[in-house]
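S.K.: Sequence:
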Amino acid sequence: MNRKRSITLELTLLFAITSTVVLMTLGFVISSTVEKHFEEQDMEVLTAKMMLTRHTFEKFELPSDRPQIARVLNDALVGHQGLDLIVYDAKGETIFSTPNATFPKELVMSGAANHPKKPFIWQSGEQSYRGIADEVSIGTDPGVKVIVATSMDIMHHLAYMQSFVQTLWLFVAIAAAFSGLLGWAAVRRGLQPLRAMRDQAQVVTAQQLNRRVKVDSVPVELEELAQSLNDMLARLEEAFERLSDFSSDIAHELRTPVSNLMTETQVSLTRMRSADEYRSVLESNAEELDHMTRMISDMLLLAKSENSLTASSCTLITLAQEIKALFDYYDAVAEDKGLRLILEGDAIVNADRSMLRRAIGNVMSNAIRHSAPNASINVCISQGTDWVSMRIENTGDFIPEEYLERIFDRFFRVDTARQRRDGTGLGLAIAKSIVSAHGGSISAASSTTITAFTIKLPRVSTMQ
1 MNRKRSITLE
11 LTLLFAITST
21 VVLMTLGFVI
31 SSTVEKHFEE
41 QDMEVLTAKM
51 MLTRHTFEKF
61 ELPSDRPQIA
71 RVLNDALVGH
81 QGLDLIVYDA
91 KGETIFSTPN
101 ATFPKELVMS
111 GAANHPKKPF
121 IWQSGEQSYR
131 GIADEVSIGT
141 DPGVKVIVAT
151 SMDIMHHLAY
161 MQSFVQTLWL
171 FVAIAAAFSG
181 LLGWAAVRRG
191 LQPLRAMRDQ
201 AQVVTAQQLN
211 RRVKVDSVPV
221 ELEELAQSLN
231 DMLARLEEAF
241 ERLSDFSSDI
251 AHELRTPVSN
261 LMTETQVSLT
271 RMRSADEYRS
281 VLESNAEELD
291 HMTRMISDML
301 LLAKSENSLT
311 ASSCTLITLA
321 QEIKALFDYY
331 DAVAEDKGLR
341 LILEGDAIVN
351 ADRSMLRRAI
361 GNVMSNAIRH
371 SAPNASINVC
381 ISQGTDWVSM
391 RIENTGDFIP
401 EEYLERIFDR
411 FFRVDTARQR
421 RDGTGLGLAI
431 AKSIVSAHGG
441 SISAASSTTI
451 TAFTIKLPRV
461 STMQ
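The sequence shown begins at 1 in the numbering used here and counts up by one.
It should be emphasised that the hints constitute simulated quantities derived from the structure, not laboratory data. We treat Cβ as the ideally placed atom computed from N, Cα and C, and that holds for glycine. You may find that some hints are simply not true.
What the hints assert, rightly or not - Here are the simulated distance ranges between beta carbons:
#1 V220 x V460: 39 to 45 Å
#2 R255 x E10: 56 to 62 Å
#3 R255 x T318: 41 to 47 Å
As the list claims (entries may be wrong) - Below, simulated DSS-like cross-link-like pairs (lysine-lysine); rule was C-alpha separation at most 25 Å, straight line:
#4 K91 x K145
#5 K59 x K36
#6 K324 x K456
#7 K36 x K145
#8 K118 x K91
#9 K91 x K59
#10 K59 x K117
#11 K59 x K4
#12 K117 x K91
#13 K337 x K324
#14 K91 x K36
#15 K105 x K91
#16 K105 x K117
#17 K118 x K145
#18 K118 x K36
I would like the entire structure built from these sequences, with the hints used as guidance.
M.R.: Encoded structure:
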């Protein structure tokens, strides 16, 4: 089982590692700088003694002035404890040497031959030394030279550097640990808004879907997350409200036919009746059952269309052809009311043929049902840049503005006195769900004598 990632742990480790790398780099730079400083100090002393030795040999001659050279060099080294000097002639014989001087002869000879001059370090016993070597001319003859090497004990520098480096790295380790602790505290504090959002989200229940995360109180980085969470809660609240209203509407709509079935059946069972009376009761029950069957089928179709389970086999459809087929289907009903069915325009859309025909048929059936006698039903198809528009107009009663906002709700009827057998009250709701599943929209408008429903669907070019 994979362990869940911890943002706090990851950010703390990242902060600690970054701080450690920075501190280690800083420590390395500091230790290198201090060590370089000591080396430069040593080189200043060694170079000064080398220059003094050079000037001394320029004033004297060998071998006649050897005693004077030794006296001058000894006087120059007075007070410089740990500083040694050795002089070799051209044959490698020692001309002058301070007491206890331990110079590796091979290192001195190679150091004197190097240009530019570089210091060399060696160890003798438990002591460490840094020195330089060079060729020095004697007297006025530049062809006569000696090898001069000067060195100094650097044990006190090495001991100091060792102690300094140990202290420095100990400080780096403590600082890195402290930085990690501070990083953990900073991350915990930085993630506090997320915990606050969690606490606010935990109080949201099915009974309190109106609760929202306070966007104004979260940092800028979390505003989009908080707003998205609020949008999700708003969608859930709307879905729960629709579900609750749907359940109530179903119970209300089914109560009447079920009550009618129960009443007629109980009345018929109160006494013996003739075959014709029983037939009449069964016919009435069959009507109620047919109404309930159509209602259940419509509710199932509505549920599928609202979950985009209907527009599964989309093809290119010529709208004028579909409208003409619906005109043929409703021709008999329209003729009984003296209605004229008129079509203008044409367009091609990408849609599920049966579902789109069902949606248009529901709107057209509603227009025919509520149209005034001897009027006309006008279907006008037009095209825009991105949309195909289909407007279905009928002449009839005026629909108030407040009803237009609810006319696509389930089981809503403008005329509450109208018989339920006239329809299930789901036709326009189904039409809206089918159109929405195809990425379109449907709206209604009503004036004094004209009521119009407008269906808009995406043009083929925008869907491909």
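S.K.: Determine for every hint whether it applies to the structure shown.
M.R.: Against the structure, the hints:
1. V220 x V460: 39 to 45 Å: 42 Å, holds
2. R255 x E10: 56 to 62 Å: 59 Å, holds
3. R255 x T318: 41 to 47 Å: 44 Å, holds
4. K91 x K145: OK: K91 and K145 at ~10 Å, within 25 Å.
5. K59 x K36: 35 Å, violated
6. K324 x K456: 19 Å, holds
7. K36 x K145: 32 Å, violated
8. K118 x K91: 23 Å, holds
9. K91 x K59: 21 Å, holds
10. K59 x K117: Holds, because 24 Å separates the two Cα atoms, which is no more than 25 Å.
11. K59 x K4: Status violated; Cα separation ~84 Å.
12. K117 x K91: 21 Å, holds
13. K337 x K324: Holds - the C-alpha atoms of K324 and K337 are around 19 Å apart, at most 25 Å.
14. K91 x K36: 35 Å, violated
15. K105 x K91: Status holds; Cα separation ~12 Å.
16. K105 x K117: Given that 25 Å is the threshold and the Cα spacing comes to 16 Å, the pair holds.
17. K118 x K145: 20 Å, holds
18. K118 x K36: 14 Å, holds
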